[in-house]
Amino acid sequence: MARFARWLKLAVLLGVAAVSAAPLQQASAEVNLPGLENHKGTKCVDDEDYIRRHHPDLLRHHRTEVVHQGIRTQKYSLEGCVECHASKKTGSVASAKDDFCVACHNYVGVQLTCWDCHASKPGKSDVVPSEAARTSPMMTSVQSEGHSQ
Amino acid sequence: MSEHQINPSADQDRRDFLKTSAGLAGLALAPGVLLYGATAYGRPADEPASSKVRWGMLIDTTKCSSGCNDCVTACNTENGLSGKTGPQDSQWIRKVHIKNLQNGVEHDLPMMCQHCENPPCVDVCPTGASFKRADGIVLVDRHICIGCRYCMMACPYKARSFVHEPLHDQVPDVPRGKGCVEACTFCVQRVDKDEQPACVEACDKAQHGAMLFGDLNDPSSAIAKAVKTYTSTEVRADLGLNTGVRYQGI
Amino acid sequence: MAIKSYFEATSAYGGAKSKLFWSLLALGGVVVLGTLYAFFTLEHHGHILTGMNNQIVWGLPHVFAVFLIVAASGVLNVASIGSVFGKKMYKARAPLSGLLAIAMLAGGLAVLVLDLGRPDRLIVAMTHYNFKSIFAWNMLFYNGFFAIVGLYLLTLMSRGLKQWSKPVGLLAFLWRLALTTATGSIFGFLVARAGYNSALYAPMFIIYSFGYGLAAFIVVQSVMYKWNNIEVDVAILARLKNLLAVFIAAGLYFTTILHLTNLYFAKQWDYERFILLDGGIYTTLFWLGQVFIGGILPLLLLFSPSAKKNPALVFFAALLVVIGGHAQMYVTIIGGQAFPLNLFPGFAQSSSFYDGVIHSYSPSGWELMLGLGGIAIAFLITTVAVHVLKFIPEDDFKDIELAKH
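Residue numbers (numbering that gives the first Met the number 0), protein chains in the order written: chain H, 0 to 148; chain S, 0 to 249; chain U, 0 to 404.
Read the hints as simulated data drawn from the structure, not as lab findings. Virtual Cβ for every residue (Gly too), placed ideally from N, Cα, C. Mixed in with the good hints, there may be bad ones.
[What the hints assert, rightly or not] Derived contacts from chain U toward chain S, CB cut-off under 10 Å, selection only:
no. : residue
1   : His44
2   : Ala201
3   : Gly335
4   : Pro339
Isolated chain H (complex conformation) (with noise of 0.2 Å):
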């Protein structure tokens, strides 16, 4: 009885020092951000929060989609993130510690394997790199439903 009670004293000890430390983290945390400039054009293809929180799930899908149906569609295409994210000083979104991809998983701490196979660079693709943000004359309007606008 006693043991458990030393259990149960360290286990609310451990408890509060957790809560009461995050706060305190955050306030002091002098984080590096990492930055994302690497871009052309002016907005992504989607709303950025959204992008940010959904992307792997996005991509997962698209994936799919692409292979399995050859559904083509270019919103939400690899090719597209990095036509417009490849960083302008090493031509790529995965080689250099601060290029866009890296530098947020970096960040967070979560490993890629994107690049295994995915080729980091444009290169000869028919993707559009928007200037006007979502979507280019060129799609119908079975592109533009969903999160756009």
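With chain H's structure known, arrange chains S and U on it following the hints.
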């Protein structure tokens, strides 16, 4: 179906002419246009590939010469392959030289993934990464491939290659990387844009005319007509795989 | 040291054996470290460092892995004969047999996983199943095997569950039959290659597993007895050796039928000539390794008059079977790939992709390290488990009497 060939009517002729010229015009325009998706038969980019189409290839070995490697070079360039031919290098298409053991007659022909209707590689893949698309193209989904190489054991044509080293500078339209298995894709990135596979295009450009690509299910396509007119065989036909690639002249 | 005394208190041996235990642990540990080093090197640089290529896609690691997997399902036989067929003499051996089954399967699977092109995708393999693939079924069978044999060990060794050992034992027996059938069918279902497309592979692997499994069990048991100065009773020895001889003979029978049938088909003559006559290393490994060392020589030893009283002869025969089994796996797995696919029967073929020529394979040190790691992992699991729990078979006088009849 048979009536088209036995009794061609004037209407049919007119229809064929219009289709052909429209098709030619489309083919001429397509590479230059920022293609949103005017694929052959008008498949828009947001529409999935359909089983109404079956892509196939007909190879006339009598027109294939032994010194020529145009198809191989074109494939390597289009897909970003190194072109090296060591035991661990990827080869998606190769020229095979065969010599009849009885009478010494020789032939040359390109050999690549045969895009079977009943692909053994699809049957044996444990994760389902090796799959057949609705329009008959057999592909490897390299997001799911675990690199076990069982499909390479199963393929009767030795069509598949394993990537043995880390790759850099891939062609953006053709992602490929270490640890996964790969093979000829009928240049799916081109086919989906209403273009021909690179090997066929190269063979056409050089005026050899040994390779013909098209929709086997479309009775008006050149390949469907050729397959009905000339005898063609599947390689290893006894296996009952109903391959998409057929050969004339062997 | 608290840990040391705990082991001493619970182990079947007692304090004097701890030194042996720690040195065995160190030996296994060093080999596994080498395996991990090989694994990380290959994962980083790619399989370009190995001797495997686009012609020989499965190499030395697979030889070790498939042997371990086949022998693992066979080693459970000893327990099955006890629980399922009710032979009392084998019941004392059941816990060790179950442990070895788990340990060897773990070792074999570890090698297979470490050799994958993308081992980081193991979760993908566990969650995406193509049920037309016998490989996918194997994944389910292997994982189920761990669970079922683990449960079986519980019923054998824990006090309250002993009455469940018969039904769980039956389930384990049937499960491993399915597992070994699926393992043989990995090769049998391949229509493309001259060396493989045969329905015979499934039952042949079952019979091989009986022989390799019992041989592995005898090797381990003999070593354990030796290190603990236990004498195995001659009646039990006679039973084990006769059973091993039967399994070896059955294995030779299946091998003969496979090759005899192939020799009957004109389209298989080239392949048979390659394996049986002019295949170089493969011919040598087939006749000398698989047939002689793995079959004829152990049979001679086992049927010699002195084998009845001499445990060392039986141990030696079992060891030869294990070695012969590796030779058989090499011939099957690598020989079957070395012989080229015949795309154009009746034609000589040549290309830049090694059509029409015998494919060459020279295994690298990395592959050997991977393969030996499988044995080392099985070894480590067994050593630790045997040290901590009572696995060593102890025979009752009653059992020995029964064994005599």
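Status of each hint after checking the structure:
Annotation: interface hint on His44 of chain U holds; nearest CB of chain S at approximately 7 Å, less than 10 Å. Violation of the interface hint for Ala201 of chain U is found here, the shortest Cβ-Cβ separation to chain S being roughly 15 Å, above the 10 Å cut-off. Against a cut-off of 10 Å between C-beta atoms, the interface hint on Gly335 of chain U holds, since the closest Cβ of chain S lies about 9 Å away. For Pro339 of chain U, the shortest C-beta to C-beta distance to chain S is roughly 8 Å, which falls under 10 Å, so the interface hint holds.
Checked against the numbered hints given earlier, this structure breaks only hint 2.
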